[in-house]
Every structure is written in C-alpha cells, then in structure tokens.
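We have chain A already, so just place chain B on it with the hints.
2 protein chains.
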Amino acid sequence: MKVKINGVGLYLPPKIQTSADLAPMIGRSAKWIHEKSGVKERRISELDVDIMGAIAGKDALNNKPPDLIINASGVPKQTIPDTSIFYQKEMGYEGIPSFSVHSTCLSFITALHTASSLIHSKTYKRILIISADRGTRGRNFKEPESSSLLGDGAAAVVLEATKPHNKNELIYYNMKTWPSGSALTEVRGGGTNKHPQDPDTNSADNLFSMDGPAVYKIARKQVSRMILETLNITGLDPKSIDWIVPHQASGKAIEAYRSAGIFDEDKVIDIVSEFGNCVAASLPMAFSIAVKEGRIKRGDLVLMIGTGAGLSVACSLIRY
Amino acid sequence: MKVKINGVGLYLPPKIQTSADLAPMIGRSAKWIHEKSGVKERRISELDVDIMGAIAGKDALNNKPPDLIINASGVPKQTIPDTSIFYQKEMGYEGIPSFSVHSTCLSFITALHTASSLIHSKTYKRILIISADRGTRGRNFKEPESSSLLGDGAAAVVLEATKPHNKNELIYYNMKTWPSGSALTEVRGGGTNKHPQDPDTNSADNLFSMDGPAVYKIARKQVSRMILETLNITGLDPKSIDWIVPHQASGKAIEAYRSAGIFDEDKVIDIVSEFGNCVAASLPMAFSIAVKEGRIKRGDLVLMIGTGAGLSVACSLIRY
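Sequences listed follow chains A and B, in order.
Numbering (this note's numbering) for the first sequence: 511 to 830.
Numbering (this note's numbering) for the second sequence: 511 to 830.
To be clear, the hints were calculated from the coordinates, so they are not data collected in a lab.
Just so you know, not all the hints are guaranteed correct.
The list treats identical chains as interchangeable, and a pair is accepted whether it falls inside one copy or across any two copies.
Distance condition first, Cα-Cα at most 30 angstroms in a straight line; then the derived DSSO-like pairs of lysine-lysine [claimed, not checked]:
no.	residue 1	residue 2
1	Lys525	Lys635
2	Lys574	Lys731
3	Lys727	Lys525
4	Lys749	Lys802
5	Lys762	Lys546
6	Lys802	Lys777
7	Lys686	Lys525
8	Lys574	Lys652
9	Lys686	Lys574
10	Lys686	Lys568
11	Lys635	Lys686
12	Lys632	Lys749
Remember, predicted model here, so these are calculated numbers, not experimental data.
Excised from the complex, chain A in its bound form:
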C-alpha cells in the first residue's frame, strides 16, 4: 500500500527513575533489576496519557491538521470515551474523526496497518497515530520482574497517501493471536470481568501481571517463525532490511532479535535499557528516536515486529 510516514513525534517524560531508585520498592538490588529486565532507568510521567500523547502528536503534525486521529495505546485514560477524544481535545481540534485500535503492546503495528488500509481505500489522506502509555501506573511491586520493566512515554506518526512513483510503502503485514496465552500477560480489572465495584476485585487485579519466562518461551519461537515467513513471502534477503524496530518488551527480548543470527546485531533498534517497556508506546518511541537521530533514513527498509498480550505476534515491513 502506497503510504508514507511524514512526521514522527515524541514525548519523553523528564523524570528519571533509575534501577537503584526502584530497588528498595520491590525488595531487589539494582543489579538484579538490570540483569533480569535489562532496564537501567525508566521515565515516570507526571502528565496523564492524553497530555503526553497530544505533545507527541503536535510534534509529529508540524502544524498541519490530520483528517483522522487513531489512538494506539495499551491502557486507556478512562473507559469511556476512548483516548483519541482526549488527544484531540488537548491538541485543540474539533470535528476530526477519531477512534482507538487496541491490541495491547501491538496496538501501533495494528494501527499503522489499519491506517494504511484506510488511506488505500481513499477514506483519509493524513492520519495521526498516537501511542501514549504510563506503564508505571500499573506496576505491582509485589511482582518484581514485571515492575522492573515498565516505563512511561509517548510517540506519534503521521501517515499520508503518497504517489505511485514514490518508493514509500507498507510492503507486508502479518498478525497472529493464540488465546491459549491469554492469562500470561494481564490487567484483569478495569472492565466487566473484575469490575472496580465488585467486592472480590483486589488490588493485584488492577495492576499489571506477567509470566515473563512463559511469554518469552512462546514469543521467541513464534517471532522467529514470523520473521522467516516474512522473508519467504516477500522474497527479501535479510541483508536488504536496514532496521529492525522491535517492541521493547525486555532486555532479553531485544537480545533475542540480535542473537537470532538472521540480522546484523547493530540493525536492531534498542531503547529498552534507557526507557524500559512503555507498553504500546515502546515501538513507535524506538522508531521515532531512530528517525530523529538520523539513523533511519528515507528509503530504508524497516521491519517493525513484536509480541503483545493475547498472546499475539505481529510485524509490518515498510519502505520509509
């Protein structure tokens, strides 16, 4: 599909929490946190997700309004209305259609593909996708491993229609979901299951819970399969792919992409030690940082890939 990312935006909260700061809260050492999660420090946002997302959105838009706003985050601001409304409100717009796409940590990959289809069908010409997450709001300090991972951040991209003679495009997309893994990564509260009003809803139900080793075991196998399937279907040589932008799930997850023997190690964009796992915002943050630093350049082939609660795996190959 002929689409072009014509703008990237970021909000990186200024407040830093190092693993030494976090250590006493979870009863582990900074060394343990770093070895287990690969995270040296994470950002703590004092702004809520709508304000974070609006800052990243404005950064990406460069003063030219979009004709659709898609929220692609992991956790909403509130149950109703969906978060896209609050981004639009914060950015000072009125009358622009907006809705949310939700597939937890894969929301950005799903939304990028959905937006590409909406441009391909000529419904919209300029779509703003925003991912903003405050992972630190959902940390359960009684679960040291997952609470070591989470961080806050926001990123945005503007996706536009492009002319057939331009090289920019979304070349390939794939997603698979195995609900047998639905209990491996959860926030059980916040909906009809463990409703906040139910007397049997407890504190842990409202916080993030993950069986990291079980997720890693399934994810490593399924991600490898999806990469091989992508190369097979597109007929591309792994050497022709310029950048791998993975969901920043954990240090170990990023290391798995590096050590898989498929891609050169230095092609894998890695921000996890500095920002932690920022849920759905992690992937577009990694992408936007790499674009802003001048590493990802126009014409580069970029493979976005990751895993999400579900358990789901998805990837998108774009010509930036």
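Below, chain B without anything else, positioned relative to chain A:
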C-alpha cells in the same frame, strides 16, 4: 468497497428486567422510566461479555472460521488483553489475528468500515466483527435517567469480499468527533485518569454517567446534518434508502429519526423499548434482528447511523 455481510449473529440474554422491576432501585415509577427513556424492559446478562460475544460470533459464522476477529464493543472484559482474545478463546480458535476497535457506541460502525478497508486492501477475506456489552454492569442508580436506558446484549456480523458484479457494497462512510462534548458521556474510571488504585477514585467514577439532554441537543443537530450530507454526496433520494438502523440511544433518539421528515417512519428499526441501550451492541443487534426477521432483505440499501461518547457521530451506507 465491494464487501458483503454474509452472516449475522445474536445473543439476547434470557433474563428480563422490566421498568417495574427497576423502578424501586432508582426511586422512580415505571411510568417515569418509560416516558424518560422509552425503555419498557432490558435484558440482564449473567454471562460475561466474552461468552455473550462468542455465542453471537458462532451464530454468525455458521461453522466456517474467519481470518480476522474484531471486537467492536463499548466496554472491555478487562484492561489487558483486549476482548477479541477472549472471544477467540471461547469460540475455540487458535492463531486467528484479533484486535479491538473502540469508539464507544459507534464501535460497530467504525469496525465495519475498518473491516471493509482491510478486505479492500486484500489483507483479509472473511472478518468476524463482534459487539458485546453489559450496560447494566455500569449503571449508577443515583443517576435515574441513564440507568433507565442501559441493557445487555451481543451481536456479530461476518464481512466477506465479494465479486465486482455483485451489488453488495459499502457505499459511503462518515465520522466526526467533537471533543468539546467529552464530558457529556463518561465512565471516568478504569484507566490512568481515575485509576482503580487511586484513593480519590469514587464509586460514581466507575459507573456510567450521561448528560442526556445536552447530548440529545447536539446529537439531533449533527445527525441531521450528517444525513443531509450523506444524501447530498451519494446523490441518493431518501426514498431509495430501505432501512435506517440507528444506534438505540434512547426512545427519544429513535423518535427523532422517525419524526425528522426525511425517511418514512416505518423504515426506522426500533428495538429500544424491548432491549434498552446496549452500548455498542445496540446497532448490530437491531440490524441482526431485522435481518433474522426477514425485514432487511438482500439488495436493500441500509443506513447505519448513530452517536457515541466523544461526542462523535458516524454513519455507514451499505447495499446488503
């Protein structure tokens, strides 16, 4: 876009709560409830949204699995993973991609258009869209008007690619969002705003709240405008439209479609007095019931239209 709805499904919970049953809970008479909300009875589901949605989904699928499952509900089962995962689990599938589209009561219209674009871009061929909501779980009995409205139910449709010579298609789609109305319909809890763990999150934050008269005032004007714009852009005579399937917001909202003087009164599908406002499930329930009853027939022109928290208005015109 050349798409065909090739299957509709329903789950109508068997347990009925009449307005006489509800009256003492909210300190109003059954007559007041009926006059204010237009709702005579609503269903109360003892099954959670995933089970409700899976029953409707299976009903629509007719034993032939989809290649994508989209959840298009107003309120999720839980924060993470998204509800599509739990539908798939309940239906006994593994490996089918799934995610959620969220625009509160408009989720079905948004998802139907998104799915059409995903079929148009040749990514998928057979998409299952499920809307399942337990509106009665979010009732605030201290807010008599909104708690009179809400009900439970689920509906599903299967959307497929169709051949160019077939008449079935999605002809027109439009959506507009005005965040100046974001506080008119809310569930403030369940996310990062009024987090269940925050000491200042109170009971009302976790329940549905609506300024009905204010929503009605804006909605009536904007819905009329969108209908006239739709007729203008498509060049269709209102008489050529066979059915209006509105979101079943309230008795007054349905009456506004009937009395607008644009369409014949008996063209407006009305299930609100029997089922109440079932959030995002209302519209596909009304559509599926009318198809199952043989009112909506192959080749009919159907205008789906409604309002959602945000405040948003959307419509979709299809050749069924």
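Here is what the structure says about each hint:
no. : hint              : in the structure
1   : Lys525 <-> Lys635 : neither (36 angstroms within a copy, 47 angstroms between copies)
2   : Lys574 <-> Lys731 : between (42 angstroms within a copy, 28 angstroms between copies)
3   : Lys727 <-> Lys525 : neither (33 angstroms within a copy, 44 angstroms between copies)
4   : Lys749 <-> Lys802 : within (23 angstroms within a copy, 55 angstroms between copies)
5   : Lys762 <-> Lys546 : within (8 angstroms within a copy, 58 angstroms between copies)
6   : Lys802 <-> Lys777 : within (16 angstroms within a copy, 55 angstroms between copies)
7   : Lys686 <-> Lys525 : neither (36 angstroms within a copy, 36 angstroms between copies)
8   : Lys574 <-> Lys652 : neither (45 angstroms within a copy, 44 angstroms between copies)
9   : Lys686 <-> Lys574 : between (35 angstroms within a copy, 18 angstroms between copies)
10  : Lys686 <-> Lys568 : between (32 angstroms within a copy, 20 angstroms between copies)
11  : Lys635 <-> Lys686 : both (28 angstroms within a copy, 15 angstroms between copies)
12  : Lys632 <-> Lys749 : between (34 angstroms within a copy, 28 angstroms between copies)
Of the numbered hints given earlier, the model fails hints 1, 3, 7, 8; all others are met.
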